[in-house]
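These are the residues of each chain, in order.
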Amino acid sequence: MSLEYTSSEMMSVTAARALENGMTCFVGIGLPSEAANLARLTHAPDVVLIYESGTLQTKPDILPLSIGDGELCESALTTVAVPEMFRYWLQGGKVDVGFLGTAQIDRFANLNTTLIGDYKAPKVRLPGGGGAPEIATNAGEVFITLKHSKRAFVKDVDFVTTLGFGRDGKGRNNVPNIGKGPTRVITDLCVMKPDPETKELVVVSLHPGVSREDVIEATGWEIRFAEQLESTPEPSENELMILRELKARTERAHADA
Amino acid sequence: MSLEYTSSEMMSVTAARALENGMTCFVGIGLPSEAANLARLTHAPDVVLIYESGTLQTKPDILPLSIGDGELCESALTTVAVPEMFRYWLQGGKVDVGFLGTAQIDRFANLNTTLIGDYKAPKVRLPGGGGAPEIATNAGEVFITLKHSKRAFVKDVDFVTTLGFGRDGKGRNNVPNIGKGPTRVITDLCVMKPDPETKELVVVSLHPGVSREDVIEATGWEIRFAEQLESTPEPSENELMILRELKARTERAHADA
Amino acid sequence: MAEFLSLHDAVARYVQDGATVAMEGFTHLIPFAAGHEVIRQKKRDLTLIRMTPDIIYDQMIGAGCAKKVIFSWGGNPGVGSLHRLRDAVEKGWPCKIEILEHSHAAMACAFEAGAAGLPMAVFRGYIGSELPSVNDQIKFIECPFTGERLAAVPSVRPDVSIIHAQRADRQGNVLVEGIVGVQKEAVLAAKHSIVTVEEIVDDLNAHPNACVIPSWAVSAIAVAEKGALPSYTHGYYGRSNHFYKEWDAIARDRDTFTQWLDDNVFNAGGQA
Amino acid sequence: MAEFLSLHDAVARYVQDGATVAMEGFTHLIPFAAGHEVIRQKKRDLTLIRMTPDIIYDQMIGAGCAKKVIFSWGGNPGVGSLHRLRDAVEKGWPCKIEILEHSHAAMACAFEAGAAGLPMAVFRGYIGSELPSVNDQIKFIECPFTGERLAAVPSVRPDVSIIHAQRADRQGNVLVEGIVGVQKEAVLAAKHSIVTVEEIVDDLNAHPNACVIPSWAVSAIAVAEKGALPSYTHGYYGRSNHFYKEWDAIARDRDTFTQWLDDNVFNAGGQA
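Protein chains in written order, with the working numbering: chain A, 1 to 257; chain B, 258 to 514; chain C, 515 to 786; chain D, 787 to 1058.
A few of these clues could be false.
Unchecked claim - Calculated pairs, DSS-like style, for lysine-lysine (alpha carbon to alpha carbon, straight line, at most 27 Å):
(1) B:377 with C:740
(2) B:450 with B:404
(3) B:377 with C:705
(4) D:877 with D:925
(5) B:380 with C:705
(6) C:605 with B:380
Said to hold, decoys possible - Here are some chain D residues the structure puts well away from chain B; computed CB gaps all over 12 Å:
(7) 787
(8) 798
(9) 828
(10) 853
(11) 854
(12) 865
(13) 902
(14) 922
(15) 925
(16) 926
(17) 931
(18) 970
(19) 990
(20) 1015
(21) 1039
(22) 1054
Derived from the structure by calculation, the hints contain no laboratory data. Where a beta carbon is used, it is the ideal one built from N, C-alpha and C, also for glycine.
Whenever a hint applies, use it, and build me the whole structure from the sequences.
Pasting the structure below:
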């Protein structure tokens, strides 16, 4: 079975597959939200999705444009105040996975969503930390998904908004009450995981049709590949159909509003 | 107009009159609750009553037996969780008056609801602090009501559960973010207020038919009287009627339950 | 996901001898049925936490389940003393118990901090009170911004919390309504939790911001109809003020109490 | 007790030049009508606090109302950058503004602490983040019980908080429903507060544990029908995603923005 699909679809399906049924997932807006809802609509019907707007166990029929769309509240089990969300549900240890996007990521999976350039005189000012700094440390583990490019994948981020493993890979060592941190990064080219020793990101799986050179070309440091480099399984017909329906529904709904 | 009334009724009516319309009052169970609801049903229809069970602006038709009777919730504007009650509403500075009862009170209006005797080997073990320690310091001011007796009014309490003005009268000096403390004590014999300088309780008003000797006899220290000693106004017919109806309704309801 | 168990099995699995147990309910929704099951199963050496240990803890203490009580107000609300608690504290019957006492504000904040995964609660409290002189778990810290001295107490993090609620749906999501006390906090702060409910329904019919505890935050759900009596369940049945008043006479005397316990708890079945 | 005022009078009375102002609403219930009134009244040198300064703050910053913004995520949700915010930060147009940035957890806890009357919030945060190196209001304290290092930030205590809500009753009690964000906290933490509402009703029809803010905790209530548009009001109208997307082009250019402001805010009346 050879299906037609885009690299974006490959990314979303692969990111979705990372979520197991029954997991509790604190979802970032954008790509993570798309992947998490795809998971819920395919292999993981009981995945629990939490958005920082306070919506617990939400089942949106269309993807939210913002983190606080009405759809999230209407389809939620319940909606709590934002301080409660961060205190009881995230910091309280109820979240298995934090699913994040980012503007920049470095070899130790540190994330930058603050700015490009120098803090006092930024070249580009980005939105800021939002929920990420505490999602990344209070969730059991972290999945990250973003498009692969040299601008995004840099050796050292300009600013560590959100801890991956620190600038030396040792940022989580001996810190009490902290999650495992980023356990996988899913892009439109490949899947990366941190090296168990050094915590540097290593490519563990290439998407179909992607070469090592493609990844090297799109990564801002000398990226390493696992000895047992795998090939990411293709999307299934069902996954693609459900993803496309979800996106079409979403587009229609947002065009109307 | 000379009405028949008991000393308990005199105490309740006088305590009720201490509350002004529109005040926000954190109400203790028992005598304070009786007085606060009498105020609400007479001269202070817009007094806001808050009970530590989380019931905000409650208007019970019968007096609650416990601090968390269903009647309190059903007649409340809304009911919040107990941590919120203590954090946002009491500690957050939204309470004008804390209305407390006590087992023991001393000349500096310190309250003891912990025990009689020594902490390690108590003669009588009392219920403990409950909400009082923080009501007394976080409310704008504190009214106290209890029956006058030598057992209750002691020179020094066995244990300071709840701060009045401290064992030396200086317990609130230079403490930031603290309320004025006890501004009046209403008993079945008289009304007392703290001396502006020393903070020792002084009788400012005697109830009708009560002599100085009656108060001296029932107080465990050399009680002082204000130079301008007043006579507490008698209850009105209306106040007595409403108080008696309230108590009769309450008795009937509790007998049924 | 919460597991649906009988009350017997839930207590047998999650309440171990020596455990720290919080059975919460602020006058409303007190988990009496669960407390009686703990007594029937003769659990021992429990550290019992509760803001307002009223007659449910009096019964458990009298039955010999407790070695320590952490509380902020221990009485029979509107009636008087807890005679079994006093007998244990003052005379060591049926066994000596230790007490650690706080104020309500401290315990409410400690439950909040436990639910929030923090090691301690910080609040403006205990000013001028002598409770810190008899409770070494009360400390003071300084605000690094203002220099203000604030109270700190360890958060409450029980081995198991037990609460009673109105209802659960078939997925095990729980609705608590009315005077909600610190029940949600107790469940979220605990390693394990048991929720007894009046009934299981298809749909909770909860409004958008209702106090709903998701199934995945609860260990076990057990149906216990009228499980809060003699306290009450908002929307289901009222409080038996009558029984609270009667309890005073029952609990005053060791023999009367023991007889009551036999008749009403040990020989009153419970669920299989 | 809350006073019923026109939006004009409420803003005129409570929003002073130089004040610290929190206009909250987490995507939902953003008080746009009130923001436009602040712009029309040409308030200056405001310190604007908001977890998610989206286009309402972009408009106020572009109109020259702000001298400082305290925030945790500044963007046009689902669309992109806030061009007016960036222009002010990067190029000082129309005036230089200072920024102080936090994480959401920090700000949510800071609002909570403000509502709770505390000088600071304590939480487990900022571990490994470089935000503390650019924000001197982030400190760390040690838990006296466990020795754990915890983050502390000053509580948020605005001069005035402004929120939008579904409705108020005739006594001035306010119902907020749906995604409630930090709105209640914002009101309780502030010295003064303005609540705009869709309508005034006889009865709030709120369930027992609804998010109701009592009249005596609010300074002023102003009716502002559709007062949250282009954001939304749960139960009343939906979000104009359309406008959020259009805003990107409007805000990119100073002239286009100025024209938009004239047409839609300055010459769009508002209430008397």
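Comparing the hints with the structure gives:
1. B:377 with C:740: violated (39 Å)
2. B:450 with B:404: Within the cut-off at roughly 16 Å; holds.
3. B:377 with C:705: Judged against 27 Å, a Cα distance of about 33 Å means the pair is violated.
4. D:877 with D:925: violated (30 Å)
5. B:380 with C:705: violated (38 Å)
6. C:605 with B:380: holds (11 Å)
7. 787: Answer for residue 787 of chain D: violated, closest chain B Cβ roughly 7 Å.
8. 798: It holds; residue 798 of chain D is separated from chain B by about 25 Å at its closest Cβ, greater than 12 Å.
9. 828: holds (32 Å)
10. 853: holds (28 Å)
11. 854: holds (25 Å)
12. 865: For residue 865 of chain D, whose nearest Cβ neighbour in chain B is about 34 Å away, the distance exceeds 12 Å, so it holds.
13. 902: violated (4 Å)
14. 922: About 23 Å separates residue 922 of chain D from the closest Cβ of chain B, which puts it past 12 Å; holds.
15. 925: Correct as stated: the minimum Cβ-Cβ distance to chain B is 19 Å, above 12 Å.
16. 926: Nearest chain B Cβ is 23 Å from residue 926 of chain D, so the label holds.
17. 931: holds (19 Å)
18. 970: violated (8 Å)
19. 990: violated (9 Å)
20. 1015: holds (27 Å)
21. 1039: The assertion about residue 1039 of chain D holds, with a minimum of 44 Å to chain B.
22. 1054: holds (36 Å)
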